[in-house]
Structure formats: C-alpha cells, structure tokens
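Could you put together the complete structure from these sequences and hints?
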Amino acid sequence: MTNPALGVCYYPEHWPEAMWEADAARMAELGIRVVRIGEFAWSRLEPTPSDVRLDWMIRAMDVLGRHDLQVIVGTPTATPPRWMVDKHPDMLAVDAQGHRKGFGSRRHYDFSHLGYRAEAARITQILADALGDHPALGGWQTDNEYGCHGTTYSYSPAARDGFRLWLRNRYGTIGALNAAWGTVFWSMEYNSFEQIDLPNLLVCDAAPAHELDFRRYSSEQVSAFNKVQYDILKARRPDLPVIHNFMSRYSEFDHYRLGESIDIASWDSYPIGHLAKSDETPEHKAQYLRQGDPDNAAFHHDLYRTVGHGRWWIMEQQPGPVNWADANPDPLPGMARLWAWEAFAHGAEVVSYFRWRQAPFGQEQMHAGLLRPDSEPAPGYAEAGQVAQELTQIGFAGAPARARIALVYDYESEWAWEIQPQAAGFGHGNHVRALYAAFRKHGLDVDVLPPTTADLSGYQIVAIPALMAWTDELREAVANFDGHLLIGPRTGSKTAHFAIPPQLGPDLGAGLLDARITRIDSLPEGIEVAVKGGGATRLWRERIEGGPEVVMEDVEGVPVLVSQGKLFYLTASGDKALVQRVVDYLIAEADTPTLTLPAGVRCRVRGDFRIYVNYASSEQRLTLAPDEAGYVLGGASIAAAGVTVARLSRAD
Amino acid sequence: MTNPALGVCYYPEHWPEAMWEADAARMAELGIRVVRIGEFAWSRLEPTPSDVRLDWMIRAMDVLGRHDLQVIVGTPTATPPRWMVDKHPDMLAVDAQGHRKGFGSRRHYDFSHLGYRAEAARITQILADALGDHPALGGWQTDNEYGCHGTTYSYSPAARDGFRLWLRNRYGTIGALNAAWGTVFWSMEYNSFEQIDLPNLLVCDAAPAHELDFRRYSSEQVSAFNKVQYDILKARRPDLPVIHNFMSRYSEFDHYRLGESIDIASWDSYPIGHLAKSDETPEHKAQYLRQGDPDNAAFHHDLYRTVGHGRWWIMEQQPGPVNWADANPDPLPGMARLWAWEAFAHGAEVVSYFRWRQAPFGQEQMHAGLLRPDSEPAPGYAEAGQVAQELTQIGFAGAPARARIALVYDYESEWAWEIQPQAAGFGHGNHVRALYAAFRKHGLDVDVLPPTTADLSGYQIVAIPALMAWTDELREAVANFDGHLLIGPRTGSKTAHFAIPPQLGPDLGAGLLDARITRIDSLPEGIEVAVKGGGATRLWRERIEGGPEVVMEDVEGVPVLVSQGKLFYLTASGDKALVQRVVDYLIAEADTPTLTLPAGVRCRVRGDFRIYVNYASSEQRLTLAPDEAGYVLGGASIAAAGVTVARLSRAD
Amino acid sequence: MTNPALGVCYYPEHWPEAMWEADAARMAELGIRVVRIGEFAWSRLEPTPSDVRLDWMIRAMDVLGRHDLQVIVGTPTATPPRWMVDKHPDMLAVDAQGHRKGFGSRRHYDFSHLGYRAEAARITQILADALGDHPALGGWQTDNEYGCHGTTYSYSPAARDGFRLWLRNRYGTIGALNAAWGTVFWSMEYNSFEQIDLPNLLVCDAAPAHELDFRRYSSEQVSAFNKVQYDILKARRPDLPVIHNFMSRYSEFDHYRLGESIDIASWDSYPIGHLAKSDETPEHKAQYLRQGDPDNAAFHHDLYRTVGHGRWWIMEQQPGPVNWADANPDPLPGMARLWAWEAFAHGAEVVSYFRWRQAPFGQEQMHAGLLRPDSEPAPGYAEAGQVAQELTQIGFAGAPARARIALVYDYESEWAWEIQPQAAGFGHGNHVRALYAAFRKHGLDVDVLPPTTADLSGYQIVAIPALMAWTDELREAVANFDGHLLIGPRTGSKTAHFAIPPQLGPDLGAGLLDARITRIDSLPEGIEVAVKGGGATRLWRERIEGGPEVVMEDVEGVPVLVSQGKLFYLTASGDKALVQRVVDYLIAEADTPTLTLPAGVRCRVRGDFRIYVNYASSEQRLTLAPDEAGYVLGGASIAAAGVTVARLSRAD
Ligand SMILES: [Zn+2]
Ligand SMILES: [Zn+2]
Ligand SMILES: [Zn+2]
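Those protein sequence lines, which keep their order, are chains A, B and C.
Residue numbers are given in the working numbering: position 520 of the first sequence equals residue 520, and the series is strictly consecutive.
Residue numbers are given in the working numbering: position 608 of the second sequence equals residue 608, and the series is strictly consecutive.
Residue numbers are given in the working numbering: position 63 of the third sequence equals residue 63, and the series is strictly consecutive.
Please keep in mind that the hints were generated in silico from the structure rather than gathered at the bench.
No residue lacks a Cβ here, since even glycine has one placed at the ideal position from N, Cα and C.
Warning: the hint list may mix true and false statements.
To be verified - Quick list of in silico lysine-lysine cross-link-like pairs, DSS-like style, CA-CA up to 30 Å:
#1 B:K277 <-> B:K576
#2 A:K285 <-> A:K576
#3 C:K277 <-> B:K277
#4 B:K285 <-> B:K566
#5 A:K566 <-> A:K576
#6 B:K576 <-> B:K532
#7 A:K227 <-> A:K441
#8 A:K441 <-> A:K234
#9 B:K285 <-> A:K285
#10 A:K87 <-> A:K277
#11 A:K441 <-> A:K566
#12 A:K87 <-> A:K285
#13 A:K277 <-> B:K277
#14 A:K277 <-> B:K576
#15 C:K87 <-> C:K227
#16 A:K441 <-> A:K277
#17 C:K532 <-> B:K285
#18 B:K576 <-> A:K285
#19 A:K277 <-> A:K576
#20 C:K576 <-> C:K532
#21 A:K566 <-> A:K532
#22 A:K532 <-> A:K576
#23 B:K285 <-> C:K576
#24 B:K532 <-> B:K566
#25 A:K285 <-> B:K566
#26 C:K277 <-> C:K234
#27 C:K566 <-> C:K576
#28 C:K234 <-> C:K87
#29 A:K285 <-> A:K227
#30 C:K234 <-> B:K277
#31 A:K277 <-> C:K532
#32 B:K566 <-> B:K576
#33 C:K277 <-> A:K576
Said to hold, decoys possible - Here are the computed distance ranges between Cβ atoms for each label pair:
#34 C:R249 <-> B:R621: 52 to 60 Å
#35 C:G635 <-> B:K277: 51 to 59 Å
#36 A:T48 <-> B:E283: 53 to 61 Å
#37 C:G546 <-> B:E283: 32 to 40 Å
Dropping the structure here:
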C-alpha cells in the first residue's frame, strides 16, 4: 500500500446482513479503500466453546471485497467471550488493591495468564487458517489497544509466578537480585525467588528497582502475548502485514520492544479526547477545545513511525465527538479532514476513521461515526470524502522527509520517574514533548528515536532529556555524534538497576562532559526561579559541578544551560519560555534553517509536499517559503481547521 | 388528621422511664400532637433471639397517650441487632469494591437478602400484633430512610442471584437480554442467565443497559422489602396509615414505585445540611448558609406530595445544627418556624421535629433537639411552640392549591445520566430543579409529576426536561395536551433499553415535533456559549434537524429554543439566566399570571392562604397581591427567616 | 551525656567494610560523637531463621569505638526479614479496607500480633546479650518511628481479638460497655464481647466511643510492644538509656504513655518535608519553602522534652533535600546549622544528622546525607562541622530554662476531634500550635504538658484548648492554679466515654467558671465572623450561658473571650490575628515580660544563653535584651538562616 489511503472501522456483526452491501458501496463511493473488522467479534466467531462460526465473516469480507475494499482482520482477543471466563476463572486480572476484575466490558484478561495466551493463539490460528487466503484480506490487527483501561499491570497469582520466573532468568541467583535491588536498604533481602511478591499493597514504597523490574516484566508479557499471534499470522501469510493499534501518551509497556513483532505500527488518534484527558492546563484545554493539542498527534505520528520501522497507520481516527472524556465537544468543522492530512504529512499509509456508523447500543453509543445511527451522513462523512478526493487530485505521495532534529523517547524513563518523581509532576515524556513543540514552532521536522539508537549521524540536533539510564548503544552514538546534542535534566542519573551511578549523573564518558550533578533542588508546582534573559525553571533544578561553560544561568546565579563543545546540558525543567529559548539557542548554534509559522499553524514535509495545518480557531496567513514552488491545495490564507499544501521546488 | 399538626421524634429507650411523663407533658404543652417512636429500638424489643419485650414500649405509648399524643410506631428494621448478624452473616451488604460491610452503625442489611426480609416481616408482625390496638397508635413508619448511606446497591451473592432471577423474569430468554443490552458490542454475549454478574469491579464501563437494569432491580428490592411490611401492617389495621420517611435529592430507588405501598409519604428535611452536602456553588452555599436552599425543601414537598398520592408529612424537621455535614451552622433565628410553615404551605399534614432532646451519647450527639441534653429548651423549642400557636390562631387548614405548572421528575432518568452523563455534571434532577426555581421566582405553584402521568389536562405549562425515555402513558398525555409544553434537552433520547431510538430523539410521534437531534456537543464546566438576548448554554448543546421555528439561538447561530405550535424544545443546558428566560417566555406565551417577589422570598397557596417565607438574610417588603384580602400573620414587612400569611379574597 | 553533642545515622551494612575506618575517622574529625546504627539490619543480623550473625556489627562498633564514637544500637524490629513473614503470615497488618499489607518496604507488622512481639523480644535479647558490654555502646534505640506510614492501626483478626480482650478487661461486663458506648442509640447493643468488631468497613460512622476505644487500644499496643524491648534492654544494662525516635505532628498513639518505657525521647526532624506535608496554607508553605515552619520544630522539641521526662535528642536531623514529600527543596544555606542550634537551645542532648552518606540504592536514594553518594561532602557536612566547633568555642551547656508559659497537649483530644470534628478541620493540635506560635512571637519559652499534669504552679499562664475531657489530675491542678488560665473552645466538652457531660461543657467544678456551653455553630472554611477590635472567629463558635465577664465579642454581639477571675474561656476557633490578640491580652493581664523579635526570628533560653535563629529569608536586626550581657556567637545582624547566641547577664 504505497499511496496514502483512507480506511474505516466496521462491525458487520452489529448490523443486519441486509445492510452490508449498501454500506460497502457507500464506503467505496466515499473513497475508502481499507476496512478493519472483527476485533470485538469473538462471541460471534465462537458462540460456545469450539463452536466456530466464520461463515458470516467470510460473507462480510466477500461483500467488502466486491467493492475493492481491502480488509484488515482483527484478532478478537481483547474481548474473550463470557464462557472463556468459566473455562479460565483466573484469567481475569487483579488490580493493585487486590480485587479480581470481572467480565462485562473488555480487556478482561491477564497478560501473564498462559492458559488464556494459548486460547488467544488458538483463535488466531483459526482465523489465519480460515481467512488467510481470502482475496479481500489486506492484513491483520492483533488484539486492540494493548493496555487500555490500565490492563498492562495485574497483581494476580499468575503475574506473581511469572514475575518470579522472569527474575530467576534475569538474575540467576537471589544474591544477584538482592545486590541489584539494594534490598539491604531496609532488610528486604530475599533468600529465594519464591519469596518475591508483587510491589502492591505495601506499607510504603517498594524498592524502586523492584518496581522497575515489575514494569519491565509486565511490558514483556504484552510483547510476548503479541508475538504469539504475530508468529501464527506471519507463518500463514508472510506477505501480509501484521499491525497493532497503539494509543496516545500511553507508556505502560515498551512499544519499541513490542514493535519487533509487528510489521506496521498504527495508533488510535482522538485529538480532542486526548487533550481533555491530559494533564495540560485548563487554559490550553480551552484554547484547543475543538481541535486537540496542536503537537500531540504529530508527536505520536513521529513516534509510531519509528515503532513501525518507518511504516505506520492511523487505525482509528476521531470523526466527531467521542464518548469517553468528561466532556466531548464537537470538533471544529474541518478537523476530521485536518487530522487526516496531518497524519499523511507525517507518513501515514492509511488513515482509518472510527467508525463507519454510530452504534445506537452498547458502551460507545455516544461516539460519533461517519454515519449517524440513522445512517444519514454525519459531518465527518463529507470531510473524509474531501480528503479522498484531494489526495487523488494533487497526486499526494512520497516518503516523509528525514528530519534534521531528533529526540530520544524512552519508556523505561517514563516508568522511572513515575516510580520516583522526586518532584510531583516530573516526567520523561513531558520533557520530550515540550522540546518537540518548541522545535516544531519553527517548522522543523522531528524524528523520535529509541534509547537503543546506535547512530545519530545525519541529525543536526539531537536532544535526550530526562533519560533514566544510558544504553550501551546510545552511549556509543553520543560519543560519535558530531552534531549538537542537548541532554538533561536528570539524563543518565541512574544505572539500569535504578541506582545512582558511582560517579553521579549524567554518567557520560570522560571528555564529553566533565561535570557531575551533585544536588537536586525539587520544587512544588507554582514556585519558579527566573532565568536571566527570560524564562524560568520549575520543578527541578540541579547543581552541576565541573568545568563546562555556562550559557544560561538563573537569577540566583545557578547555571541552567552549560556546554562543552557541541554538547549542551540543561540542569533544570523549564517553563515553555525557557524551553523555547534553549531550543532557539541550539538552532542558532547548529545553523539549522527554520520557517516562520503563524500561531496555531504547524507543518511537515512528505515527498515533494509541505503540508500546513491550522489548529488555531481563526484564519491565519502563510508566507511562501523559499523552497516552495507554490500551493497545490489551499493557499496562503488558511482558515481555522484549514489545510494548505505547498509543492517544494526541490525534492527533500 | 386533617388539620396541620406538629410532631416530634422521641426515643423513650434513650432515657430513664422516670423522665417519660414529664417529657410527654411538655410535648403536649408545646402544642405537639404526634410522636414517632421505635424505629431504632430492635435491640430493646428483642434483646436476644425470640426474647420479645414490648412492655416498655407499651408503657411509653401509655404515657404519650395520656397526654393526647398520637404515636407513630416505626418498624425497627433499619437497625437489626447484633445477634441477627450471627444468624444471617450474609445479610450484610457488599460495596462496589467487593467489601462486606460490617455491624456497628445502621442500615447494615442487604435488600436482596430474603432471610433478612423474613426477619423484618417477623418483627413487623410482632409489633402489629402487640401494638395494633393501642389507643395511642396513630400510624406506622416502615424502616427508616431507605437507601441512606448508599445502601440501595449491594454487590453481594444475594444481589447477584436475585438479579439473575429478575432478569430471567424480565427477558424470558437470554437472547432477548443480549438483544436488549446490545451485548454484541464488545463480545459480551451471554449463553445463560447464570453467567450474568453485577456491573462492579469491571475493567471499564459495563453496557449501559446492564447498569440500568441493575438499578431497576435494586430499586425494586427496596419496594419489595417495604411491601412486606406494608401488607402486614395494613392487614392488622386497615384504617391506620403506613408511612415511610424519604430523603433529599436521593434518587437511587424509584419513590413513585415504592409509594404504591405507603399511604402517606414523608421526608426528613434538613435544609442546612442538605445544602452543605449538595453540589451547589460555594457562593450559593455561603448565601444560604443558615437557611438552606430556598427552593430545595419546597421541591421535595411537592415531589413527596405526589409520591404520597396527595398525603405527606415532614417526619424529621431540622430544629437547629445537625452533625453530619462537613460543617453544621446554626440556623438563623426563626428558620425552625419558617421551615415548618413552608411545609404546611405545600400541604404537609404533620411537621415532626427531629428530635425531642439532644442525645449526649452515640453518633448523633452533636445533633440539636428541641431540648438540650440537659433538658433545657434549645432555640428550636420556642419556635415550634410559636408555630403551634399560630396554626390555631389563624385557623390554618385547607388543601394545597392545584398548580398551573407541572414538571415531570423521573428516577430512571436520574440513573440514566449518572450512567452516561456524556458531559460530566449532566443530570436529570438538576434540570428539573432549575426549572422549578425559575417558575417559583414568579410566585407560581408547581406540581411534580411521575413519568407515568397519563393526563396533563388542567396545567397551563408542563416541562419534561432531560427525560431518558417516554413511557406509553406520557407519550399519550403529551399528544393530548393542549397547554404549553417544554421538552429537552436530551428528552426522549433513549429507548427503555438505553439505546438511541431508530429515528433519533426526541422520539415523539409525527406531527408533534418534526425534528430530530442529530449531534451532541458536550462541554466541560467553565465553557459557555452566549445566547443572543441573554443567558448562555453550558455542558450540553444539541444540533436539531427539521422544521420547527427558532425562538432563541446562540451567538454561533445554533438554535437553542425551537417551537412547533405550543410545543417547545430546548436544545441545551442553560445557565440560570437562560433557564429563567425560557421560563419567562413560556409564562408569557401561556399568559400565566405571576407575582413579583422580593429576592429570597418564596410563597405557596394552601386553602384560602398564601404563605410567604423569607429565605434572605435581611428584611424584605411584600406587596399585597390582587387576590389577597390582607395579612393574617405577619405583614408586608417580612424579616429574615420571617413568615407572612395572607388570606385570599377568593378560594383558589 | 551532659554536654550537647552531634551525632549521625550510619549503616555499615550498606557499605564495604573497607570504607568503615575512613568513615569513622571523618566523623570524629567533623566533631561527631554519637553514631546510631543497626535499626534496619535484621536481614544481616539473622539472614535465615536462627542463623544469628553479629560479628560484622561488633566489628563496626569496634571501628567506631576506636574513634571515640559512642554507638546507639537500634533494635531492627521495624524491618523484620522476609523469612519472618513465612513464619508468621498473619503478622502483616490489615488496612481499613480489609487488605492485608505485604512485604517489600518496612514496618510490615501488626502491633497486636503476639507472635511477632515475641520475635521482637527474641532479637532484642540477642542484641542485648551480644552487644551489651561493648565499650562503644552508648545506648539503645527501640524499633524506628513507631506508627510511620499509618501503621498504628490494623484491622486484622489479631487486632480484633486483642481489642475484645482489652475491652473485657476495661469494662468487665458487656452491660458496662453498652452503657459507656451508648449502644442503645442505634440498636447497637452487644450481648457479649465476642460480638464486637473493629470500627472499619461500616455502613456509616461507628459510635464515637467505639472509635475512641479502638484508638486507645491501638495506642496501648504500641506502648506494650515497646515495653517488651525496654525491659530486656534495661535488664541487661540499667545504666544505658533506651531511646525511641518519634515523628512530627504524629498523634496516632499516646507518646506520654509510651514515654513511660523510654529514658530519652528523640524525634526525627525534617522541617522542610514536614511543612510540605502539613495542612498549612500554600502561602505559608511558599514563605518557608527552604526553612520549614518556624515554630513546628520548636514545638516538638518542647513536646518531646516532656515525653522524655526532660531528656531528649534529635535522632534524625534533615541535612539537605529529602525524598518523601511531593517536592523536596534544597534548604537555605545554613539551615542544617540553624536546626541543630535551635534543638540544642530547647535542651537537646544530641542532634544526630540523617544520614552519613546518601545511599545510591533503595527507597531513599534521593535523600541527602552529610556526604554525597560519591563520598564528597554535601553542603550539610560543613554546617555540621561548624556547629561542632561553635558548641565548643562558646562552651555551650546548661539546662533549658523553665518556661513561664505552658500548654496542655493531649493525644486523646487529637483522636476525639478526628473522630468527631463537627466542623471539618477542627482539631486539638492545631489549637495548641496556634497558641504556641503566638506566645513564641514574643520570645517566650513554652512548656508542653500532658493532660495528666497534677500541678501547674510556677507558670504564669497556662492554656488548655480543645481538650476532650478532664483528667482528675488536671481538674485538680486547674482548681489549685493561681496563674492565668485560658481554656476553650470545646475544652471539657466530653466525658471520658465520649459523651456530653450532664451539665454540659466546659464541665469544670462550680466556682471556677459558672457557665456552660449550650450551642455549637460550626462553619465551613472560608466563612469568618469578625471580632470587635480585630481578628475573626472561624470553624467553631460556641454560645455560652452564665455569668462570666465578656472580654471580647464578635460583631454579632456573641461573646468570644469571657473571664471569671483569672480563668479565661475562649468560645471560638480564631484566625491568627484573634489568637494573637487573646495571647497578647493574657500576657498583659499576667504582666509577663516579653521580647520584641523581628519577623521570622525565634529564640529560646538554655543555661546562660539565649539562642536566636532566623527563619526569614532575609537578614534581620536584633536588639540586645535587658537581660543579655552581649553576643557570644554572631551578632545583632542575623542573616537568613543565621544563628546568634547571647549570654545572659544572670542565670535564668
Ligand atoms: Zn478492597
Ligand atoms: Zn481504548
Ligand atoms: Zn518515617
């Protein structure tokens, strides 16, 4: 699937079979080319144990195929049927308070439960066998939104047993574990792996290394669960892609690791709901109430492009109001188009709207679709159709531009600072996203890199903020990097076992940064220390000892940004203004060319196109950039929720 | 009991028998005519299993009777004694987190537990047999405050088993249930009723129809529990009323349905505590800190008048500071009088103060009585005495006026929007109460009607806001109504099975409102959209499609109030100003005569009297209304917490 | 140990034995004389059941002793090793929700579990036997921070059984208990002690007397647990002190009662963390962000001086940022010195910093030490050294001055108002601390007295605010006191069984205060009533009936401060201004001499010295007081975080 295409999520089991044909015809007419089905249909595929009924699904695929729609079949493992729970009562996960969670919604399974893992393999094999040669089949989706509703972690006997085994494999001897976890600290030393429990329902905090290992273990169970399905599906049809649909700001498992067992990453983009549920300020939420955060979707596009080894989709695209935030505003007219365009700009192969028709029953009956429950077009319908036409009209294609800027984003670092924030609100991801937004304000494309990146060459600027611990690869990459590098705060402040490194952070090799972090001053929300020249530090301030040159300091004379050659160390968490200043400084140092964008406007280059999108709620005016030959869609005037596409005068 | 009378709640078991005579004498002297006793006395009535001791109670009734006090005997089933829990360990309810609740306070029983239901029947029969012919007996109270402290819902095995049976009776086949609940949505289909669990401890939301049916089931258990006692008590003394005492803003069971098994509704009115525990704004709470909300008690008077088929009491009237809110301010001097007068104005037969003497021990030792713990009069004592004198002095009597305005209030709609608010804070009851207050500002009497109302004739204006689903009766009543009718927002937006109707809301028959609601824009608190001409929409905005005339629209041009003949549809939740504008518009359209009331003053007509009460904290000035012959109590100047009664020049 | 000395907390088990010698040498060089060890070392002292290994500890003591360091050995009972939990699975406490708490942090034991109590005795005996004659041994610490992390209360079967037995011993007959608890109130009467459960997981509130007795019981288990160790340690070495380290604003057990089984009280002072976790206002927290509350440490110094019968230490002194508050700011430079000086001023014998070296692993790896993890000096290191030098330099010594002011602080009153605040936020301790701060603003020394104080002579002013119930001793002491006495609000408002006294509060003997409290007006946060002349009442207002003279009244004419001779009764909770006015009035009445202190400066007299400390963040200017001969450390100009010591011209 080389050319960008639209898709839609469809649930034939929700509608009378008599409606399928008309639905398929309208999809095709609208310009849809991909249809995802099946991911919640287990109770229809196997109504009672071993009574497998795939006939209806094959008929649904027949209908869709007749209209040249490619079908992505989801394995239904996110919603095991009720009889499964009778078969495996202990497959239900246990929450941190020790309560067994019940049947009656979805994702009611424990990733550590090997019995259920085998059932998941069984149904996957059944689908692979029966549908693998269907001509409409375009690929597979494994499960649905791994981890959604807090399901990565379970505190069950199955998880406990699995964790013990995993620890035995990891450490070999209990002495090695005791050393790694620092259990001598509070007499927490174990005599055997059988004594180790999960880190919940404790009197106070568990050892951070204990917590971190439990998160690593849990993350690996998700990967292992997925890999079982991946292997089955690939064995059956090596040529078809296996996809999973990830989420926004969800970090409970390591997506890079899981990405080793998928061919294409996809994610479910609900910009308005995601902003509503985020920890952004009320002012920011009000400003982008009907648009969503102007950088959050883009960040995830870039993240999942990396997770998918360069291939990625939007599997579920918000088409209108959703149902699951505290309030669910109607998007600005045009946003369903804008979001799709922005995804394509960042390299999406497919943008698939969720869902074809609003369901009048069930938990998501207030979630809009492209069609209303009465089958009339909802506002998103026309916007989707417009996107389909525009893609064709301008011959949109090409690979996303290689960025000059890269940011390292690391799941373990997210876990680390959740376990030990030291200042409430200190996190890894928000440091990464703040830098992302600051670079993007200048029209710069950004890549997101994993912490195992071994080579940074080709980038002009790389930033590695708030990284818990260096991997060997990244340590090497940093040592060999000849661009401008920004690290800190808190980068390299721990070993892999969640201890302070012997020579303290940032724990880089000698010669790179001859300095160490000797003291942390952590601050509550609302307390800021101004930086000379503008901006302020907040939450986190480090004292650095050593020789680097001071680039910025705060009004108390404490160094904030220091440098040694092209390596910059930021000692503090900054407010927006400070982060922007630091980014601007780096851009100037690296002599990276930038664009001047109106407020609320963002852009990205793909192939020979630069796509502009306007998240502001008012019209903005663009200036043709030196490398642009002219506009091929829209123009210099870009309305609220508008899209303008420029053609570049040279290939990127 | 045709003439309004005062009562009091008395606990002879709390005091030495030697004090009873003097207490009774003082009650009679104060003007009290009704005394409720016994509702928490089971451990004294049956100290050990089957050791029944009613002698002391009979002696207490003898004493009270000698002073011409009528006794209401409460069945003690809200406080089963400790030994009962040994007999039926599983009678204790289980909370939503799965924790069995213990003995040591009150209401420690599960409505679904049939063993305890039989015990309740047994003690009721014992009381009926032994006390049924006592000359002082004036009636019965069943249990006490059903549902208080979150006790309507239990997640016990008993509840689960009862629910399954109830579902089987309701649906007949599991297929019918699957269809009704839309379980296909997430593969939640059941193979048998035995597989159905209660909707707690799930991974995410249950199907809304599952939740709603559990609420219906739980509500019916409360009714069934009450009916057992009702049948026993009526069999023994068909002539005496059976009463239950309900609460404020409490909607966990359907009071209309329970009302089928009582003769008189009563409720426990604690205006200051109720305001403190409500979700009103801090400003509103500060303004009415020592008075309580100026419309809340009145609303419940009107609601329970309907629940009681026209007969209703205040069983517990706040006499001073209570003990159960976060802070418990002293009422303004006069409020204990005002509250009683307002209750009588709305048709109360009896207003009974809680309690005679403040208890120095136990959970409510900080709750004021008419007497202090040292038996000296508390401030409420004199106020109660004043009310008694005034009632006699002006010969107060008569039926409450038939209102020109009616509002439909529906318990299922409360449940529905708690289950699926879509905008946090969206509820049924607050829409009803906002309209109630807006009508009352004009001195209009209001009736509250159940959703099963089959005839609306006689009313000039009827409002049905935020109703989940039409009943057949109400659908018919609306079709035949020739007054002005206001519906919406969200009225008729669901079927009885909590699905979106095939033709969308408001789901009225053709010809009434040729329009449908096609889209919901829900908003967080703090975001408002101004309406042209004044007021604003908030939380909830609908897009309406179809032909009605636009009466009001917002600044974005979205219709807010539309009309088709005398049927008006409100598409949004409004702020106070908008609700008042809509009400004012309807009043003008309907040509309903109004009064002009000073701020904080409210009024109601009963018999030949119009009673004014002043909730403001400063004196206000009344104007004699055209239909008033003059003041018979107080005058045009009405002090803070004051009461003025006008005699009407014509019967209402 | 008569001369003030510095100490440090050291964990030899955390470091290679090769480091011990250098550590000890540096400690001695810095001026440290006391080292606490061992309190979390059980897993090293007894790695598997009965495999006792004290050799390393003896070697550590040898090393320390060689450098003239006195060793305080902590019993390791706060951290039983993992194998202990296998031996006694039910030794783990149960939280109020009924969840058994697990192993993996610390304090994972139930004070009611007699099996674990025996294990604690066993390890204590082992340590006493093996180390009792070590020449470096200077004393013992029992356990660590009893009750930390909410561990005083457990809702386990062990606690339930212990509670039943305790009640049987206390009441003798179940009838006596029923009478004391007022169980007739809601039919809660018990037939036997075996029926009584713990007051958790109830439908609503337990009887307050039930709650209070459970708190008393739980408090006594802590004392009993401690006494077991105390008796063993004293039997072995009657000459050496047994110490426990208490906490800040921690009141879940009665420290006076536990103090009967210790020789020296100590506490763990973390001023910045304590302020961060307190309920002080955000403004106050911001003002003292890097200093801690200027009165909180001093209050606890004075409290624990009383708990320790005049002997007390700081066992853990904050040396830099801690790790356990939401944010953990760096102290102002100088605070580690100031805090030590202030402790010595209040009579501390030893101030022991926590900890020697920051641990790079485990739960507290972000907690600063005197050394950094890389063994370089942290900022606190030099400050500690400076204190050691200064103590010697000025020959600091002497007993803390006997104060002219005393405040009664009572643990049962803390429990009482937590159980029954009546106004959310009403507490005992905050009344005591508000008065403490108001007296201290005038440079007055204050003693803290237990509620069992039998003699108040020698004090000019005594205040007893918000006392639940009089003890016989205190009743007597008050009757005989000839100084100025302030009581109220709520003082003497209950009997020992948590009932309202028959003649109402304040329940003093006739002739002392011929008045009673007849009504409570409790108010939510944010509502205040101004007092004529300044200040305001808040939360709590009483109506008083009787003859005393009115000293202050509010703008509504309600008496606020009344007097009868030298007895003053305060009827309300006041804001800071009112509390200060009341204190100022009493000081004037009692003719107590005062000092004028700059904002943020506090002082205390010990021996011939008056020590000034400056909590302000800017320099302040002192005035030499009439009784001062001159400054022996610092001078009239006192920097932020500065210390000035004056020598008195006469002994106090
Ligand atoms: Zn639980
Ligand atoms: Zn999801
Ligand atoms: Zn602690």
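* To do: Could you grab the alpha-carbon distance between A:K285 and B:K566 and see if it respects the 30 Å cut-off?
  => 40 Å, violated
* Given the hint that A:K227 pairs with A:K441, does the C-alpha gap stay at or below 30 Å? -> Not OK: A:K227 and A:K441 at ~39 Å, beyond 30 Å, violated.
* Is it true that the CA of B:K285 sits at most 30 Å from the CA of A:K285? -> 29 Å, holds
* **Agreement of A:K441 and A:K566 with the hint, judged by alpha carbon distance not exceeding 30 Å** => 23 Å, holds
* For the pair supplied as a hint, A:K566 and A:K532, confirm whether the alpha-carbon distance does not exceed 30 Å. => The hint holds at about 22 Å.
* Hey, A:K87 versus A:K285, does the alpha-carbon distance stay inside 30 Å? -> Status violated; Cα separation ~46 Å.
* To do: With a cut-off of 30 Å on the C-alpha distance, tell me whether A:K277 and A:K576 pass.
  => With a Cα-Cα distance of about 20 Å, the restraint between A:K277 and A:K576 holds, given a limit of 30 Å.
* Between C:K566 and C:K576, is the straight-line Cα distance small enough, at 30 Å or below? -> 23 Å, holds
* Asked: Does B:K576 pair with B:K532 here, judged by a C-alpha cut-off of 30 Å?
  -> Within the cut-off at roughly 15 Å; holds.
* Taking 30 Å as the top limit, are the C-alpha atoms of A:K441 and A:K234 close enough? -> 41 Å, violated
* Asked: Are C:K87 and C:K227 close enough, with their CA atoms no more than 30 Å apart?
  -> Holds, at roughly 23 Å.
* **Restraint status (C-alpha distance of C:K234 to B:K277 at most 30 Å)** => 55 Å, violated
In summary, the structure is inconsistent with hints 4, 7, 8, 10, 12, 25, 26, 29, 30 and 31 from the numbered list given earlier, while agreeing with the others.
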